[in-house]
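Could you use the hints to bring the two separately framed chains together as a complex?
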Amino acid sequence: MTALKILTPDEIVQSYKGEFKNNILDARVEKYVNGLKKNEFFHIWIRIERSAYKDVVKHLFTFEKYPHFAVSSGYDLGDTVELVHHFSLYCGAKSRDISVSFTVSLPKNDLTIDTITDLIPGALISEQEKQEMLGIKVIGIPKDDRVFISEDFPECTYPWRRDETGPDKMVRNLHDEVKE
Amino acid sequence: MSKGKTKTSYQIPIGPIHPALKEPVQFNFEIEGEKIVDVDIKLGQVHRSIEWAATKRNPVQVLYLAERICGICSYCHPMAFTLATERVAKIEVPERAQYLRIIHQELERICSHVLWAGVAAHEIGFDTVLFLTWQIRETALDLTEYLCGNRITKGITMIGGVRRDITSDMLPYINEKLNLIKGSWEKLRKIFLEDKTFQLRSQGCGVLTKEDALKLCAVGPLARASGVKKDVRIDQPYFSFGDFDIEYMTPDIVTGEVNGDVYDRIIVRLLEVKQSVELIGESIDRMPEGEIVSEPKLVKLLNQLKKIEGEGIGRMEAPRGEVFHYVKYMNAESPYSWKVRAPTYSNVLPWIPMFMGEQIADIPIVAASTDPCMSCTNRVGIVKNGRQSYMTSEQLHHLSVKKTKELMK
Numbered sequence: 006m007t008a009l010k011i012l013t014p015d016e017i018v019q020s021y022k023g024e025f026k027n028n029i030l031d032a033r034v035e036k037y038v039n040g041l042k043k044n045e046f047f048h049i050w051i052r053i054e055r056s057a058y059k060d061v062v063k064h065l066f067t068f069e070k071y072p073h074f075a076v077s078s079g080y081d082l083g084d085t086v087e088l089v090h091h092f093s094l095y096c097g098a099k100s101r102d103i104s105v106s107f108t109v110s111l112p113k114n115d116l117t118i119d120t121i122t123d124l125i126p127g128a129l130i131s132e133q134e135k136q137e138m139l140g141i142k143v144i145g146i147p148k149d150d151r152v153f154i155s156e157d158f159p160e161c162t163y164p165w166r167r168d169e170t171g172p173d174k175m176v177r178n179l180h181d182e183v184k185e
Numbered sequence: 440m441s442k443g444k445t446k447t448s449y450q451i452p453i454g455p456i457h458p459a460l461k462e463p464v465q466f467n468f469e470i471e472g473e474k475i476v477d478v479d480i481k482l483g484q485v486h487r488s489i490e491w492a493a494t495k496r497n498p499v500q501v502l503y504l505a506e507r508i509c510g511i512c513s514y515c516h517p518m519a520f521t522l523a524t525e526r527v528a529k530i531e532v533p534e535r536a537q538y539l540r541i542i543h544q545e546l547e548r549i550c551s552h553v554l555w556a557g558v559a560a561h562e563i564g565f566d567t568v569l570f571l572t573w574q575i576r577e578t579a580l581d582l583t584e585y586l587c588g589n590r591i592t593k594g595i596t597m598i599g600g601v602r603r604d605i606t607s608d609m610l611p612y613i614n615e616k617l618n619l620i621k622g623s624w625e626k627l628r629k630i631f632l633e634d635k636t637f638q639l640r641s642q643g644c645g646v647l648t649k650e651d652a653l654k655l656c657a658v659g660p661l662a663r664a665s666g667v668k669k670d671v672r673i674d675q676p677y678f679s680f681g682d683f684d685i686e687y688m689t690p691d692i693v694t695g696e697v698n699g700d701v702y703d704r705i706i707v708r709l710l711e712v713k714q715s716v717e718l719i720g721e722s723i724d725r726m727p728e729g730e731i732v733s734e735p736k737l738v739k740l741l742n743q744l745k746k747i748e749g750e751g752i753g754r755m756e757a758p759r760g761e762v763f764h765y766v767k768y769m770n771a772e773s774p775y776s777w778k779v780r781a782p783t784y785s786n787v788l789p790w791i792p793m794f795m796g797e798q799i800a801d802i803p804i805v806a807a808s809t810d811p812c813m814s815c816t817n818r819v820g821i822v823k824n825g826r827q828s829y830m831t832s833e834q835l836h837h838l839s840v841k842k843t844k845e846l847m848k
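Top line first, the protein sequences correspond to chains A and B.
Start counting the first sequence at 6; every next residue gets the next number (my numbering).
Start counting the second sequence at 440; every next residue gets the next number (my numbering).
Next comes chain B alone, as it looks inside the complex (with noise of 0.2 Å):
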C-alpha cells in the first residue's frame, strides 16, 4: 500500500501476478477506505513478439505459432489468420470445410465458457462448482481430442479448409459428449442463475453501461452483458454461419432486463454454451458432403502463398468475443506484416469503470467476469510508506470468500 492520490485515499498495486488473472496484468488501485475510486492498467508482461516472428516464417508455419498466442483461443486465432491469408489469396473454402470450421468453433467456445464458470466460482469460494465445471469441461477436452487429435493446441487449421473430417462412424460419440454437456448444463444453470449466494456477490457489482461498453470498443460477452448486440457470427457471417438463425445472447432473455454487472455476464455465457451445443449439432445434420480443404498438397499451396500480395482481415467471434487479425503479403516467403488483436484487448479499458465503487473483496470476481486472457500464479505486491509487503493470492482470495460467507448469514 502506498500514499494515493489524496489526503484520505491508498494506492494497492494488483499484479502483474494474481490469482484472479489468467496471464500476468498489473493494475494498481486508488483506494478510500474499503471503495476503489480510480484504477490504472499496464500490460505487457508477457509480451512475446509473436507478430514479429511471424513476418520470418511462411504462412502454415505460422498457424503454428498463432495457436500459441493463447491456449484457451488456440483456435480462433490461427483461424482468423487464415481467414485474412485466403482473403488475400482468394482461396475459395469448400462448403464442408466451413461447417466443420463452425464445430471446432462452438467446441472452444465451450470449453472456454465452461472454464470461466469454474473461475468465477472459485473466485467467490464455490470450489466444489469448480470441480463441477472441470468435469464438464474434460467431457468437451475429451471431445475436441476425438475431433483434432489434440485437446489444447488443435492443429486442426489449414490454410483453405481444416485437416480432419468427421465421418459417419464417429457421430454416435459425438452425439453422446455433446447430451452429456447439455444434461450438465441445466445443474449449472440452477447453481449460477438461482443459488442465492451467487446472486449476491454477482448481481449489481461490476457493472459496465450500455454507453461505456459502446464508448470503448467492448466486444464479446462483456459487451452483449451490457445489452450492446455485437456478435460477429451474426453481424459478419464468416464460415456458414449465414445458415443459421443465431440470436444474440442477451441478459434480458432470461431476466427481461439488463444490468450489465457481473450476473448478467454469466447469463450470456451460461446461454452461449447452450446455443454452441445446438449448434454443433445442427452442423452436423447439415453438413453436406464434399471436400475438406481446398489445396490439399502443401508444397503447391505455399508456391501459391509466396506469390501473393495484399492486405487482408480475419474476423471471428472468439469465446472473449471479436478475434481481428490484419495481415499484408508483398510477394515473399512470409507475411510482411501481422497484427493480432485479442478480444482482451478491447477489453481492458471497460475494466475502469468497472472496478469503480467496488471493494478490495470484489477485485478478483470483476476481474475474473470479463474472462481475461492472462496467466496466472501467487502474489499480490503491497507498498506501505515505501516499505513493500506481498499479500498471497490465499488471503486475496480469503477475502473474497469472507466477503461470501458474511453474505450468507
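Pulled out of the complex, with its shape left as it was, chain A reads as follows (with noise of 0.2 Å):
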C-alpha cells in the first residue's frame, strides 16, 4: 500500500466537502457488516458536478499515491447518460480498503467529459468502453478507436443506451416473429 495516512469514509466525504462546496451533489456512506468477527467495511457514493470530475479524480491523489481505478459503469436515464466511475483507496491496508464512487450526469445535448488517463492510465480502456457504449465523448483521450465493438457494428448505434440511438431497432425478438 503507498497510503498516506488512512482516513475514515466520513473523513474522505467531509474532504471532498470542503474541498468541492458546491460541486458535492450529494454524498452517503454504506456501512458493510460480515461474518462471525462481525467484520465491518464501506463503501462511498458522491453525486458531483460533471465539470468538477477530473479535479475529484485528482483528490483521490491526497489521500493514496496510487489510487486503485476498478471500471466505469453508465446508463441512460432519458435526458441523461449518467456515468459512474468506480474507485478503491487503501488497497493492501487490511480490511481499511474503500470503495469510492463518483457519479455524473451528462445532459444528452452535451455528452463530454474529461480523461483522467493522463492521472490514471489503467483508465484508458474503460474509457474507450463508455464511447462506444454510450456515446459520449471522452476530451482529451490518447487513444479513440473501438475497443469491443468490431469496426462493422453501425456508427451511431450505442449499445447501452435506451434512446432512438440504442440497440433495440438490431435486436430480433424471436417470439414476436413467430406470432406475426
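Quick caveat, the hints were computed from the structure, so don't treat them as lab data.
Using N, Cα and C, we set each Cβ at its ideal position, and we do this for glycine too.
Honestly, I wouldn't trust all of these hints.
As the list claims (entries may be wrong) - If you want the footprint, here are the derived chain A segments under chain B, 3+ residues with CB under 8 Å:
hint, region
1, 31 to 41
2, 89 to 102
3, 121 to 130
4, 153 to 165
Following this line, the structure appears as C-alpha cells:
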C-alpha cells in the first residue's frame, strides 16, 4: 500500500465537501458487516458536478499515491447519461479498503467528459468502452478507436442507450416473429 | 508480416484466434529482429451483450446468465452480481451461507490456478506436466460436482445464500479429495519452482514492475507477483473472510525478492492453491450451524426484488483478480443497468510493458502468464508486403518448444 494516512470514510467525505463545496451534490457512506467477527467495510457514493470531475479524481491522490481505478459504469436515464466511476483506496491495508464511486450526470445535448488517463493510465479501456457503448465523448483520450465493438458495427448505435440510438432496432425478437 | 513503423521493424498480428489465449483477442506486435518493440491490443471478438440481456431478465435469471460469462469463473460472476443485489435489497446472508460461499470460491480458485499451471507448462513444451495438472484438476472438479451437482456452470449461487448445504456425511469424501490435492501440490511445487528449464524460460521474462502494475490498475496474481498487495478477500473482507488470518501471496515469501516476471506469477498461483486448500479445510471446521439462504421461497424473494430501488457494487477476488459488478435497480422486474468488469479487463493494459523487449518465442508464455480469460483455437495471421499467410498454432508452439530445447542444451 502506498497510502499517506488512512482516513475514515466520513473524513474522506468531509474532505471532498470542504474542497469542492457546491460541486458535491450528494454523498453517502454505506457500512457492511460480515462474518462471525462482524468485520466492517465501507462504500462511499458521491454525486458530483461534471465540471469538477477531473479535480475530484485528482483529489484521490491526496489520500493515496496510487488510487485503484476499477471501472466506469453508465446508463441512460432519458434526458441524461449517468456515469459512475468506481475507485478504491487503501488496497493492501487489511480490512481498510474503501470503495469510492463518483456519479456524474451528462446532459444528452453535451455528452462530454474529461479523460483521467493522464492521472490513471489504467482507465483507458474503460473510457474507450464508455465512448462506444454510450456515445459520449471523452475529451483528451489518448486512443480513440473502438475496443469492444467491431469496426463493422453501425456508427451512431450505442448498445447501452435506451433512446433512438440504442440497439433495439437491431434486436430480433423471435417470439414476435413467431406470432406474425 | 507487414512493414512496421520504422525501416527496420515489421508487424506481426497474433489472434484474434490463438492457442495461448483461452478466448479471442488480437495483438499487433511491432518487431525488430526477434525483439518486440511495441504492441497494440484489440478486444471484443466475443462480446455477447450479456449486460444488455440482463435488463430483460429478473435477478434470479441473471444468476444463470452471469454463470455463462466465463466457464472458469462461473461462481465468481453470479456471486459478485448477488453481492451487489443483496446490498441494494439490504438482504442479510446467514453466517453458515457465508462460510459455504468461501468454500465454493476457493475450490474455483484451485480449479483455475491448476488449469493455468497446465497451460503454462504446455506453452513451453512440458506436456507431461500438463497431464499431471489435469489429473489434479480432475480431483478438484470431482469435488465441485459433489458439492454443487455440476462441474462447470455450478448453479450453486442464490440471492441471500447458496443452494446446497454441506452435511457431516459428506466430510470424508471432501477430506479425501482435499488430501489428494495437498499431496499433489508438493509435486507441482518441485516441478515449477525447482526445475532448471522452467526457471530459464520464466525468470526475467515478461516483467511487470510494481509501478506499472499500480499505474495500470493490474489486479490479482499478476499484481501480487509484482509486489502489489491487492486482494479483495483481505482488503475488503466480504463473506466471512475477515474471520480468517489470510496473508497476501507475494513471491518474496518463497524467494525473498520480487521480480514481477513469469516465474513470480507461477510462485503466487502455487502459493494460492495451497492457501485455498487450507481455507476450505478451516471453513469446514469453523462453519456455524444455521440456514443456508435468507429467503427459501423464490416467489417471495422475486417479489421483494421487484420493489427495490438503488445501486450497489459487488467486489470479489476471483482466481484472476478483482471481479467487479455494478447494478442499478429502479423498482422493476429486471435490473436497470448492470456492469461487469472481469479481472482480465484490468490486466489487458499491463500486457504492453510485459511484452516490450521480449522475443517472438516468448509471446505464448508471457500472454498466458496473466491467465487471460479468453478462449483459444487455431492460427496466427501474418501479413507480409500485403500478402497474408498463416502461422498455425503448431508452428508458433514449435517456436516456443524450440527455445526451451535450446536452453536445455
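Results of checking the hints against the structure:
1. 31 to 41: With 5 residues closer than 8 Å to chain B, the region 31 to 41 of chain A meets the three-residue bar; holds.
2. 89 to 102: holds (count 11)
3. 121 to 130: holds (count 6)
4. 153 to 165: Contact hint for the region 153 to 165 of chain A vs chain B: holds, 5 residues under 8 Å.
Hint compliance for this structure: every hint is met.
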